[in-house]
Amino acid sequence: HAIVDYFERNAKILILTDAGSEGLNLQFCNTVINYDLPWNPMKIEQRIGRCHRYGQKNDVVAMNLLNTNNEADKRVYKILSQKFELFNGVFGASNVALGILESGMNFEQEVLGIYQRCNTSPEFKKAFHKLDKKLDDKKNSNVRQLRDILLTKSSDEKINDLEEVKKGIARYLHQVEYWDNIEDEDLVLPFNNYWRTPNWGETILGAHGYVFIGAFCNNADILFPVLLLTDDSGNYIDFDEDDLLPELEKIEDKEIFDFKPTEEEEQIINTTYVRLKEEMLKKYNSQVDPIKEYNRDKMANWEIIQQEQFNIDLNEKLAEMETFIKKAEASDNFSKKLDLKKKAKEIYEKVQEKQRNFHRYQENIHQEALSSITEFEEQFDINPFLAINIVLKF
263 HAIVDYFERN AKILILTDAG SEGLNLQFCN TVINYDLPWN PMKIEQRIGR CHRYGQKNDV
323 VAMNLLNTNN EADKRVYKIL SQKFELFNGV FGASNVALGI LESGMNFEQE VLGIYQRCNT
383 SPEFKKAFHK LDKKLDDKKN SNVRQLRDIL LTKSSDEKIN DLEEVKKGIA RYLHQVEYWD
443 NIEDEDLVLP FNNYWRTPNW GETILGAHGY VFIGAFCNNA DILFPVLLLT DDSGNYIDFD
503 EDDLLPELEK IEDKEIFDFK PTEEEEQIIN TTYVRLKEEM LKKYNSQVDP IKEYNRDKMA
563 NWEIIQQEQF NIDLNEKLAE METFIKKAEA SDNFSKKLDL KKKAKEIYEK VQEKQRNFHR
623 YQENIHQEAL SSITEFEEQF DINPFLAINI VLKF
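Under the numbering used here, think of the first position of the sequence shown as 263, with each following residue one higher.
Simulated from the structure, these hints should not be mistaken for laboratory data.
Straight line, CA to CA, 25 Å or less: simulated DMTMM-like cross-link-like pairs of lysine to aspartate or glutamate:
id, residue 1, residue 2
1, 545, 372
2, 554, 483
3, 395, 503
4, 544, 500
5, 579, 625
Across the chosen pairs, the derived CB separations fall in these ranges:
id, residue 1, residue 2, range
6, 616, 316, 17 to 23 Å
7, 558, 281, 18 to 24 Å
8, 502, 292, 46 to 52 Å
9, 383, 487, 32 to 38 Å
10, 383, 276, 35 to 41 Å
11, 537, 573, 49 to 55 Å
12, 601, 641, 54 to 60 Å
13, 425, 370, 41 to 47 Å
14, 512, 630, 56 to 62 Å
All C-beta atoms in this analysis are idealised placements derived from N, C-alpha and C, irrespective of residue type, glycine included.
All chains, full assembly: derive it from the sequences and hints.
Right under this line is the structure:
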């Protein structure tokens, strides 16, 4: 705090490491110069957030020192500014950035891997192009699917593809309506699509078990897809999704049969369902909890600022009162002396009233902060359910 106070009163420039990107209230300045650009978008937002605080009266300007001769640095900056929208708007990183980060994209690790693997400009361009595409996939997979349908060569293909999409939407909405209208404790039953494929497990995995395919949802919104592989006792089997999906796609219709689970199988499936739902909820909370915590820290800082401002106002009043008292003591004019003492007394009474109301003021500020936190966190409240489209026994 001593450094911040000195900076506010006596200096024009404050040089900080990343240790200064958290916990400092610098709303009295409005220019941030990034000497380097961290690969973690949230770190950049934290830097800008030192100035983007309650009490900021000016537009905040972020300047970035960039080596334009370095192909990798240029591409990182382009992604940070265009994909994550870090340097546009009032509040830094937008929901676009949060959406990409929440979907599991570890941007910092991706960039580090590129720097470690690539040595030439073409290699960097190719790697960053792939990363760029991956970010676009996270943001706009549904739009891309519709675009692909519309760009198919024949009208018949377009009609067929759109009909399939319509059927899928109808199935999805029917499923949402069904799951949304039953009590939570009944959600484990029923699974409408029990399938089996006799030889696939032994051929691919050398084991028997189940594949669970579905989605973890909030009402009508899919939060993330679900693909789970277990053995026939319900124990999870580790797998690489990129390897498993092509193998599942190879299964032909004639190799898939309906099946009715036994009581023992049904118990295993239901137990797995309950466990999986809890894990999906934990996964969701692990993504939104850091965002909530970041906002709580911001509001805690705001409370501190308001209390500090209260003390500043109080000290200014006391200093003003002292000035009137000293002038009164130094004055030889009796009438003027009385007038100065009267002004000092008026200020003193205001100070006394302000001090008496301090705890009420403090409580009002605290309640305002709590209300703001509650309103912010309500956007993350969900009505969760786990929709399992298919249970495939193998």
